[in-house]
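Asks: The lines below spell out each chain.
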Amino acid sequence: MTRNAVGALLAAVTVATAAVLTTALMVDAQGPIRLGASLSLTGTYAKLGKNQHEGYQLCIKELNAKGGLLGRKVELVVYDDQSLPPTGVRLYEKLITEDKVDAVMGPYSSPITEAVANVTEKYKKVMVSPLAATTSIFKKEPRRRYIFMVISPAEGYLEGLIDIASKRGLKTVAVVNEDTLFSKAAAAGAVDLAKKKGMQVVFQEAYPKGNTDFSALLTKIKSTNADVIAAATYFDDAVALTRQMKELNVNPRMYGVTGGRRPPEFYDTLKGNAEYIYGATQWEPVLNYPGNKEFFESYKAEFKHEPSYHSTAGYAGCAIYAEGVKRAGSLEADKVREQLLKLETKTAFGDYKVDQDGFQLAHKMVTFQWQKEKKVVVWPDDLVQGKVLFPTPPWNQR
Amino acid sequence: MNVVITPAMVGQVVISGLLSGVLYGMVALGLALIFGVMRIINVAHGPLLMLGAYTTFFFYSTWGLNPYLTVPLSMLVLFGVGWLLERTLVFRVVDAPELSSLLLTFGISIALVNGAQLAFTSDLRAVEYLTGSWMVGPFALSKSRVIAFVFAGGLTAAAFLFLSYTRLGKAIRATSQSREVAMVCGIDVGAIHRLTFGLASALAAAGGALIAVIVAIQPEMGQIWTFKSFLVIVLGGAGNYPGALLGGMLLGLVEQLASLFLTTQLSEVVAYVLLVLVLLVRPTGLLGGRQT
Numbered sequence: 001m002t003r004n005a006v007g008a009l010l011a012a013v014t015v016a017t018a019a020v021l022t023t024a025l026m027v028d029a030q031g032p033i034r035l036g037a038s039l040s041l042t043g044t045y046a047k048l049g050k051n052q053h054e055g056y057q058l059c060i061k062e063l064n065a066k067g068g069l070l071g072r073k074v075e076l077v078v079y080d081d082q083s084l085p086p087t088g089v090r091l092y093e094k095l096i097t098e099d100k101v102d103a104v105m106g107p108y109s110s111p112i113t114e115a116v117a118n119v120t121e122k123y124k125k126v127m128v129s130p131l132a133a134t135t136s137i138f139k140k141e142p143r144r145r146y147i148f149m150v151i152s153p154a155e156g157y158l159e160g161l162i163d164i165a166s167k168r169g170l171k172t173v174a175v176v177n178e179d180t181l182f183s184k185a186a187a188a189g190a191v192d193l194a195k196k197k198g199m200q201v202v203f204q205e206a207y208p209k210g211n212t213d214f215s216a217l218l219t220k221i222k223s224t225n226a227d228v229i230a231a232a233t234y235f236d237d238a239v240a241l242t243r244q245m246k247e248l249n250v251n252p253r254m255y256g257v258t259g260g261r262r263p264p265e266f267y268d269t270l271k272g273n274a275e276y277i278y279g280a281t282q283w284e285p286v287l288n289y290p291g292n293k294e295f296f297e298s299y300k301a302e303f304k305h306e307p308s309y310h311s312t313a314g315y316a317g318c319a320i321y322a323e324g325v326k327r328a329g330s331l332e333a334d335k336v337r338e339q340l341l342k343l344e345t346k347t348a349f350g351d352y353k354v355d356q357d358g359f360q361l362a363h364k365m366v367t368f369q370w371q372k373e374k375k376v377v378v379w380p381d382d383l384v385q386g387k388v389l390f391p392t393p394p395w396n397q398r
Numbered sequence: 399m400n401v402v403i404t405p406a407m408v409g410q411v412v413i414s415g416l417l418s419g420v421l422y423g424m425v426a427l428g429l430a431l432i433f434g435v436m437r438i439i440n441v442a443h444g445p446l447l448m449l450g451a452y453t454t455f456f457f458y459s460t461w462g463l464n465p466y467l468t469v470p471l472s473m474l475v476l477f478g479v480g481w482l483l484e485r486t487l488v489f490r491v492v493d494a495p496e497l498s499s500l501l502l503t504f505g506i507s508i509a510l511v512n513g514a515q516l517a518f519t520s521d522l523r524a525v526e527y528l529t530g531s532w533m534v535g536p537f538a539l540s541k542s543r544v545i546a547f548v549f550a551g552g553l554t555a556a557a558f559l560f561l562s563y564t565r566l567g568k569a570i571r572a573t574s575q576s577r578e579v580a581m582v583c584g585i586d587v588g589a590i591h592r593l594t595f596g597l598a599s600a601l602a603a604a605g606g607a608l609i610a611v612i613v614a615i616q617p618e619m620g621q622i623w624t625f626k627s628f629l630v631i632v633l634g635g636a637g638n639y640p641g642a643l644l645g646g647m648l649l650g651l652v653e654q655l656a657s658l659f660l661t662t663q664l665s666e667v668v669a670y671v672l673l674v675l676v677l678l679v680r681p682t683g684l685l686g687g688r689q690t
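In the order they appear, the protein sequences are chains A and B. Residue numbers for the first sequence follow my numbering, so the first one is 1 and each next one is one higher. Residue numbers for the second sequence follow my numbering, so the first one is 399 and each next one is one higher.
It is worth saying that the hints were derived from the structure and are not from the lab. Accuracy of the hints is not assured; some may be wrong.
[Claimed, not checked] Calculated lysine-lysine pairs in the DSBU-like style (CA-CA distance at most 30 Å, straight line): (1) B:K541 to A:K209; (2) B:K541 to A:K246; (3) B:K568 to A:K271; (4) A:K326 to A:K346; (5) B:K541 to A:K372; (6) A:K353 to A:K196; (7) A:K374 to B:K541.
[Said to hold, decoys possible] Covered stretches of chain A (in silico footprint by chain B; criterion: 3 or more residues with CB under 8 Å from a CB of chain B, positions within the stretch not fixed): (8) 198-208; (9) 220-228; (10) 241-248.
All C-beta atoms in this analysis are idealised placements derived from N, C-alpha and C, irrespective of residue type, glycine included.
Excised from the complex, chain B in its bound form:
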């Protein structure tokens, strides 16, 4: 039972860690956006990711679309879903005490998961499109994970560019810094909230679409992504957008290295111990909170 850990093995899991880390970062960025702009922790983030995964699955299985082409479609669909959720439900709790928004999004999450169980059944579905890996020296690079990495990296970069350079992006950041001042400057804060919720859901959907090609999907797949995203944004600094990417990479690496040196079971423990440590030493997260 003595597994000797070689440098090549460490290299392999570091690669795996970075590949999933960027994906974590992208999904968590959605959660960070909503938290930054609306001060809401969206517990339904993971279930929205699940809906994105199913959207891809149905485009793929019904019309035979290439699953990677469905990524923008899933994002579009979920942008609409997110926008509608904000317009009909979430806007009611923006100024309410934080418990209200937690309860509401928790309720939405339960409704989405159970609705999906009814509509799609709890059978496992898979997009069996791209399996296997590319060998680079001694390292195996999983095809579906590498492509997910590229997509997630590209979409995260696009999101940063959008936030930094476009008028709408600037309006989002302005609202996140101070809603009152933004309002005084003539920004339609309600519209910004809907846009933010839509964008965040679209990022979750992209994650779901990419995950659907990596592992099989089922209605309960989402919740764990809510937890992971939450962990990531606390690590990176809640409301700090580049922090989400850093937190994602860190979580990916820590999970993999802990699985390698300890056991797979302990890797979750290590991730949460890390969270506690970060909260003790730097309560605002690694990059500090809310510096948008």
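If we strip away everything but chain A, and leave its shape as in the complex, we get:
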């Protein structure tokens, strides 16, 4: 070997070492990936926003335990939007422009997501929004390009009820709903589906938020003799409606409500009168989704209470975003977006697959029936736990 050659080799080794060292240093200098979000930690949605927050936290804890994302640790930066859309807008603006977070996750609720989506679109930030169920957020002109939906849309809440009814040969449906965004969409979904299945919608009426007297409404429904009563309710109204159905002896063959957003106190409130009633949910701990049982256990261990679907959706939304980043091999919005549009996966929360607008297509709503103090999943067919108790017996024969 000549002297020159040795020199060249040495030089090469030095350069290579330097390069390796610099890269290593650069990784360090990059620090953790900072994931920003505003959540409703106080205000109207406090309880649910907190559950979503815990879902995010658990997801990030598990990511870091497995070595992080793209070789970097992940860190959550969270602010409290007090359940107010304008505050959410201000906070996302701050997260992106002042804190310069690497990526964002969605806030709690449709109204806040709708408001902050304008900010995240402006800065071209991918936002997986695990707790926005309103279709119009995703189907919008001009198109939103970077927002992704995780839960089933409101329109699907009564799908199971109508589907079971039509398979059992029932012909007539009465649809009632609270006159608010979510309930209206759920009722519209029920009406559309009933018509598609050849059923007749014999009665439809909305009632104002906070209404607790349904005498006249139920008197009218009773006179139509509808086979099915599909009620797009929140919670207080579902309780009042059910009690008055019993009082006025209204006896449909099937009666279903939408649980709305409160935890499952429905049975605690109505006791035996909740029997036979159908309800809808985004997720249940008993469902046989990959990792669901493990999620349930580690969540309980970590936060000392059981998760609600808000927790699981938050957890799954974060995992879906992480999967998108992994497949893209980068945090760059357009690359991640491309992967999230293509992604088809199953998480603890169920299926994920979106269309070109980021609108959820695959996640399934689950319909259950209250049977002997328990929620028994009765729809869709591949997830059922027990038989439907059909038809619902009249109140005076229970």
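Position chain B against the provided structure of chain A, taking the given hints into account.
Replies: For chain B alone, coordinates are given in the frame of chain A:
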């Protein structure tokens, strides 16, 4: 979607309307009393009703008391709460401009609702005691509503008797007619104010206790009762006590019939249109204001 309305259906909703009407009347009577005697519109009336409902709920769930036995207990507790509120806060604004008393009672209302959210959480609670109904011919009479009707009717009658025939009742009416003259006659006006506020809160509490058996309760249940009571006493004639009962019945009927013939959503609109009409035609209310 064509619902044919039969006479039996009209009969059913008229029954429902009258049943809730008396309850409206009783609760509104409390508001009317305070307005008549103290010239204060008590915005916290509904939240006091909510406290009455929770009192019943806790007596029922903790000690398993029959919820109807808790009605006098709730009334007693809330009488105390009302008395204390007057003694500590409300007496300060009796002679102040009307905006002051509105602001104060609005503040009390916010404090009560948020305090209840902290103390009781916003979870829905229910006294699942009496459900179902008695069938009378083609009509279903809801058990809990009929009993509420009987209680409300009885308590309203008792309140009228108290106001008409007892010395204290007469003193309340005298204070409501003219505070100065009452004072000259040796009536302790301050004591009458505390008594009135206590009584009015007790009537609200009775309403809350009865409602707790009919529907589930939560901390924000009260505000709508402030509005309804206000509507009722304006319809009946502010400060006119029998007017409150009449206004209550009228509101109950109008709400139900409007829900039947139009939609549930329009029933509120109809109630407020009625209010505007009454104010245009008879600004002093149906029975005239302040004829105690």
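Asks: Next step is simple, just say for each hint if it's right about the structure.
Replies: Okay, the hints, checked on the actual structure:
| no. | hint | in the structure |
| --- | --- | --- |
| 1 | B:K541 to A:K209 | holds, 25 Å |
| 2 | B:K541 to A:K246 | holds, 11 Å |
| 3 | B:K568 to A:K271 | violated, 47 Å |
| 4 | A:K326 to A:K346 | holds, 16 Å |
| 5 | B:K541 to A:K372 | holds, 25 Å |
| 6 | A:K353 to A:K196 | holds, 24 Å |
| 7 | A:K374 to B:K541 | holds, 28 Å |
| 8 | 198-208 | holds (count 8) |
| 9 | 220-228 | holds (count 3) |
| 10 | 241-248 | holds (count 5) |
In summary, the one numbered hint that this structure violates is 3.
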